[in-house]
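J.: Given next are the chains, with one letter for each unit.
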Amino acid sequence: MAELLMQILVPTGIFAALGLLLGVLLALASRAFAVKVDERVERVAECLPSANCGGCGYSGCGQLAAAIVAGEAKPTACTACSADAVKAIGAIMGIEVGNPVRMRAQVMCSGTTEYAKKKYAYAGAQDCLAAANLGGGDKLCPNGCIGIGSCVAHCPFHAISVVQGVAVVDYRQCVGCGVCVPYCPKHLIQLIPYDSAHWVGCMSVDKGQAIRGYCDVGCISCKLCEKACEAQAIKVENFVASIDYSRCTGCDKCVEKCPRKIIWSARKQGGGLIIEREKAKKE
Amino acid sequence: MSFTDVLLLMFSAILIENFIFSRFYGCCPFLGVSEKPETALGMGMAVTFVMTMASALTWVVYYSILAPLGLEYLKTIAFILVIAALVQLIELFLRRFIPALYASLGIYLPLITTNCAVLGAALVNIQEGYSFIASVAYGFAAAIGFTLAIVIFAGVRMRLQFADPPRAFRGFPLTLVAAGLLAMAFSGFSGFSFG
Numbered sequence: 001m002a003e004l005l006m007q008i009l010v011p012t013g014i015f016a017a018l019g020l021l022l023g024v025l026l027a028l029a030s031r032a033f034a035v036k037v038d039e040r041v042e043r044v045a046e047c048l049p050s051a052n053c054g055g056c057g058y059s060g061c062g063q064l065a066a067a068i069v070a071g072e073a074k075p076t077a078c079t080a081c082s083a084d085a086v087k088a089i090g091a092i093m094g095i096e097v098g099n100p101v102r103m104r105a106q107v108m109c110s111g112t113t114e115y116a117k118k119k120y121a122y123a124g125a126q127d128c129l130a131a132a133n134l135g136g137g138d139k140l141c142p143n144g145c146i147g148i149g150s151c152v153a154h155c156p157f158h159a160i161s162v163v164q165g166v167a168v169v170d171y172r173q174c175v176g177c178g179v180c181v182p183y184c185p186k187h188l189i190q191l192i193p194y195d196s197a198h199w200v201g202c203m204s205v206d207k208g209q210a211i212r213g214y215c216d217v218g219c220i221s222c223k224l225c226e227k228a229c230e231a232q233a234i235k236v237e238n239f240v241a242s243i244d245y246s247r248c249t250g251c252d253k254c255v256e257k258c259p260r261k262i263i264w265s266a267r268k269q270g271g272g273l274i275i276e277r278e279k280a281k282k283e
Numbered sequence: 001m002s003f004t005d006v007l008l009l010m011f012s013a014i015l016i017e018n019f020i021f022s023r024f025y026g027c028c029p030f031l032g033v034s035e036k037p038e039t040a041l042g043m044g045m046a047v048t049f050v051m052t053m054a055s056a057l058t059w060v061v062y063y064s065i066l067a068p069l070g071l072e073y074l075k076t077i078a079f080i081l082v083i084a085a086l087v088q089l090i091e092l093f094l095r096r097f098i099p100a101l102y103a104s105l106g107i108y109l110p111l112i113t114t115n116c117a118v119l120g121a122a123l124v125n126i127q128e129g130y131s132f133i134a135s136v137a138y139g140f141a142a143a144i145g146f147t148l149a150i151v152i153f154a155g156v157r158m159r160l161q162f163a164d165p166p167r168a169f170r171g172f173p174l175t176l177v178a179a180g181l182l183a184m185a186f187s188g189f190s191g192f193s194f195g
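Chains as they are written, first to last, in the working numbering: chain R, 1 to 283; chain W, 1 to 195.
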């Protein structure tokens, strides 16, 4: 009986001693090797979303927090933060921050397979940049969405999907971090204010005549929207219409006038955003 | 054990008895952090660092504490305890004295605290009855083999990103198939013999 007891007690004692020894050693080491860290870094990091999306240009939220405290980055550098979180960061840093505008990514192309004509069947590497290097992609339009979805693969929030050959951002998932923007070889992804009422779903800089040849929903620079806009928010420059989001009043006049039905609209409904677009008629 | 024996042991640990492909240790980081060659290399470096240190320390713990007391059967628990403490200690030490290395090993160091490859190396050393020098050499070489495997696999996965496989194979299934093919390629080394 005594022997059995010893067989249990000796290992237990040794392991308890070993654990205690290592614990004390670690405790002493953490004292001896302590590194002074600005306590604000931790507090700022708590305000950040911890998604480590990299949208700010730093490798993770921890690095951004360190950069904010070091004064290398602005408290508003994180686009994925809520307004309250940005204010809290400003308060920690003792800096007044204005009301940050929430942004979302928008793919400025409406040329789905239904409307945009293709010049060849692409069967190469599944990457937009690779396809763009092969004669500018398979669509005839030099500015159209290639639709392979390099942006989809890089979105840290899984907010983008390719629908009928055009990338579409799910605005409910998008936090406006902007990670996707550089991955579009056609530079079609823009960050626009989250509540923007309208935007033009085309970035083709070809003249109307040329566009009619390859896309049923390309901007033909007819300027009807420009004339219809009372707030002078919409301008046709370089053969494509674009909207000044700070001026747009959301009156819907351009949407009604556009013969190609490529001015999209977003409406606030019950706290959410409803995005719609009138169906274009095929010519 | 002569110097030649140690060299042969290392060669065998790197290629013939590769930790991942023939012993199936460390499959978790092998699949988890092999998306880019840079991160794979970071993980490999951290594993090499910890495995070499752990092989030395566990050998000492086994032969100077456990064996004299007749507690060999508790080596697994003891090794987990010792390795975990060692990694924590190394992390604290690096953060204080070599911040550059701490930043580059970054998150990988705590990740491998209880990695089975590290524990596996320590247990193999004891099981095979290696001397202290051989144990350290084996731990180091096994980790180099791990690094080699994970970096090669990361290169393969980079290529896979641009492939257009059938829908059912997309993502993880294709990764597993690729890992299997790579394991088969490594099994070609098993023909080596130093008898």
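Fair warning: there could be bad hints in the mix.
Derived CB-CB ranges, DEER-like [unchecked claim]:
no. : chain 1 : residue 1 : chain 2 : residue 2 : range
1   : R       : Lys119    : W       : Glu38     : 45 to 51 Å
2   : W       : Glu38     : R       : Leu21     : 35 to 41 Å
3   : W       : Gly188    : R       : Ala17     : 47 to 53 Å
4   : R       : Leu28     : W       : Gly191    : 20 to 26 Å
5   : R       : Asn99     : W       : Ile77     : 54 to 60 Å
6   : R       : Thr249    : W       : Leu101    : 55 to 61 Å
7   : R       : Gly94     : W       : Leu69     : 56 to 62 Å
8   : W       : Leu176    : R       : Lys119    : 44 to 50 Å
Everything labelled a hint here was simulated from the structure, so no lab data went into it. Since the structure is predicted, the reported quantities are computational estimates derived from the model, not experimental observations. By construction, the Cβ of each residue, glycine as well, lies at the ideal position given by its N, Cα and C atoms.
J.: Hint by hint, note whether the structure agrees.
T.: Checked hints:
1. R/Lys119 - W/Glu38: 45 to 51 Å: At roughly 37 Å between Cβ atoms, W/Glu38 and R/Lys119 fall outside 45 to 51 Å, so the hint is violated.
2. W/Glu38 - R/Leu21: 35 to 41 Å: holds, 38 Å
3. W/Gly188 - R/Ala17: 47 to 53 Å: Taking Cβ atoms as reference, W/Gly188 and R/Ala17 lie about 49 Å apart, which means the hint holds.
4. R/Leu28 - W/Gly191: 20 to 26 Å: violated, 51 Å
5. R/Asn99 - W/Ile77: 54 to 60 Å: Since the Cβ atoms of R/Asn99 and W/Ile77 sit about 56 Å apart, the hinted range of 54 to 60 Å holds.
6. R/Thr249 - W/Leu101: 55 to 61 Å: Between R/Thr249 and W/Leu101, where Cβ atoms are some 57 Å apart, the hint holds.
7. R/Gly94 - W/Leu69: 56 to 62 Å: Cβ of R/Gly94 to Cβ of W/Leu69: about 59 Å, so the range 56 to 62 Å holds.
8. W/Leu176 - R/Lys119: 44 to 50 Å: violated, 38 Å
Violated hints, in rising order: 1, 4 and 8; the structure is consistent with all others.
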